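Novice: Assemble the whole structure, with the sequences as input and the hints as a guide.
For the record, the sequence lines run as chains A, S and U.
Note that this note's numbering gives residue 14 to position 14 of the first sequence, counting from 1, and the numbers run on in steps of one.
Note that this note's numbering gives residue 232 to position 232 of the second sequence, counting from 1, and the numbers run on in steps of one.
Note that this note's numbering gives residue 151 to position 151 of the third sequence, counting from 1, and the numbers run on in steps of one.
Taking lysine-lysine pairs in the DSS-like style, the calculated list, with each CA pair at most 25 Å apart, reads:
no.: 1; chain 1: S; residue 1: Lys225; chain 2: S; residue 2: Lys114
no.: 2; chain 1: A; residue 1: Lys93; chain 2: S; residue 2: Lys31
no.: 3; chain 1: S; residue 1: Lys328; chain 2: S; residue 2: Lys222
no.: 4; chain 1: S; residue 1: Lys276; chain 2: A; residue 2: Lys56
no.: 5; chain 1: S; residue 1: Lys329; chain 2: S; residue 2: Lys114
no.: 6; chain 1: A; residue 1: Lys93; chain 2: S; residue 2: Lys225
no.: 7; chain 1: S; residue 1: Lys31; chain 2: A; residue 2: Lys91
no.: 8; chain 1: A; residue 1: Lys93; chain 2: S; residue 2: Lys24
no.: 9; chain 1: A; residue 1: Lys91; chain 2: S; residue 2: Lys25
no.: 10; chain 1: U; residue 1: Lys70; chain 2: S; residue 2: Lys61
no.: 11; chain 1: A; residue 1: Lys56; chain 2: S; residue 2: Lys263
no.: 12; chain 1: S; residue 1: Lys69; chain 2: U; residue 2: Lys70
From the structure, some residues in chain S lie toward chain U, with a derived Cβ separation under 7 Å:
no.: 13; residue: Met55
no.: 14; residue: Val78
no.: 15; residue: Pro79
no.: 16; residue: Leu80
no.: 17; residue: Ile84
The set of hints was computed from the structure by calculation and includes no laboratory data.
Small disclaimer: the values here were computed from a predicted structure and weren't measured.
Even glycine gets a Cβ: it sits at the ideal position worked out from N, Cα and C.
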Amino acid sequence: MKFRMKRKFSIKKKFLVWLLFLGFFFLLFFTQSQFGQEAKPAEQSKALKPEKTPEKIIPSPSNIKEATGIYVFLAWMWLSIIVLIYFLRLKIKEVDRLHRMGYFSEKKK
Amino acid sequence: MRMGIQSWFDERFGISAIMEFLRKKTVPQHKHTIWYYTGSSILFFFVVQVITGFMLAFYYKPTLEEANKSVARIMTEVPLGWIIRSVHFWSASFMIALVFIHLIGIWLVKSYRKPRELTWMSGVFLLIVTLLFGFTGYLLPWDDLSLSATKVGTDIPRSIPVIGAWVTQFLRGGEDVTGDTLSRFFSFHICILPIFVLLIIAIHIYLIQKQGMSLPLAAEIKEEKVREIPFWPNFVYREMIVWLILGGVLFSLAVFFPPSLDKQADLMAPAPQGIKPEWYFLFLFQTLKIFPAKILFVSGVSVAALLIALAGILFFFLPFIDNRPSGKKGKILTLFAYTLIAYAVAMTAWSLWR
Amino acid sequence: MKLKHSLFTRRQFLNGLFGGWIGALLASFLYPIIRFVFPPTREPDQVVLPFLDFKDMAPNSVKNFSWGSKPGILKKNDDGTYTAFVAVCSHLDCNVTYLPDKKKFFCACHEGWYDEQGRNIAGPPPRPLRRLVLAVEGENLIISREGFEGAPKK
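Specialist: Structure, rendered in structure tokens:
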């Protein structure tokens, strides 16, 4: 019996999608490595400066690299959330449909 | 191979029995279903608090001299410390807000009626413990604002007759707020309260599983057949969506609106301008403020504290007071719930306005 | 190359994608947590001390100083020169001490011995004591780690 995989998308499109994927992951790890930058500037200035207690410490990313890293991370996070919610909605639709047709009731594998 | 590992553990733990139960457990679907999501959302934020709390405790030093400095160090030197602290701060507010929302939901659909009285009462304990978490955690940075807030907060129980002075001394570790108070509060925050909260959560969740999800009063009266979906995986998938959104909002807020740190508290300095407790205590704070200094021959604070304590006790025993929720009594109590909500919101708004 | 049968079902593919993406999201949260839990080492590049404190040391004697959070030993040798070591045993990190009568460094934890130059001569220590670079600039004694570019020449 001949079985032909029905392709919804062409090979080219699939390849592009996987490339995008990999690109995102690389971007992610690249920006994550920027996170560590803030430790070094803080250290060197610590050497000979006298200890003065500031009135109020307002936190913020210490350099542009860290700030960019954080913003890219937030973008990745929201993108992931959107994608995961999309998948979850698909799963919910399916599992609801199965429940309604009684797939889970007596038939147990 | 995955199935092999799963069945290996299942032979020993018997987890499949739990999974079977979760598959059989159903969640009713009706117009009040949205309230069902509040419980697990609270758990989500609690887990976030535990994880970020573990991390903060790695660097925090709970002594009078070092507390503020260690928090400053977390915010400036430790890599991304300010984000972790910010997440902890925001997640606390989210969790407390959700606890209030959860409470209101339960009250409005009257889920506390028989046989769920104990669930309600354990829930009230959880509310108190959660508020105590917030109260004890607020002192830990040991800056001017938190010191003053703690001084006021621990002074209020003093006006309860008979036991008041002891309660204040217990909370403060003495007559005044000192380094001992800080140690005590730290111990409460990371050790005593977590153990209690885990125990009570276990009781609360066990009761819910044993008794099943409650139906809103209206549905029960009409005895209509409500559509139900299985808890696992249908409802859990829906809960995951809620968690994802809440987590995303939490993290975004934490990054863009991190809390600041004031300078170290001075025990001898006068109270700074504009001290106020965290938002979840504002309505109580305002209630205390509107009482006059003296009523007859008792101090205003005493009367206020007593009234609030009385309200708390009635609140705790609500399932027994509202033993006929479908009757007129029940309707009055529903109205009362709305009044309380309006009161709390109005008081909070008023105290923010000043 | 065209496959006769697909490698996995659509369900498996989607489930894998879903699980994998959740894993990636959680892993990306793991990174800041790890950075937080493993802070960078706080060893200084250089320590500046007033030379007056060490000028009048007797030969074959030592004085302690702080090398960040580790102890440092400054030794005045018999010929008048100075040597600086990080006084941490190369075996299991105990603090070492100098015994002037034996002219050796001794680690009490597992009886490790180092000679005057810091070379490990007896006991479990696998490596010599770490040396630091010394220089005097005006009133200051500057102790730097080896390989630090900003170290002045003495």
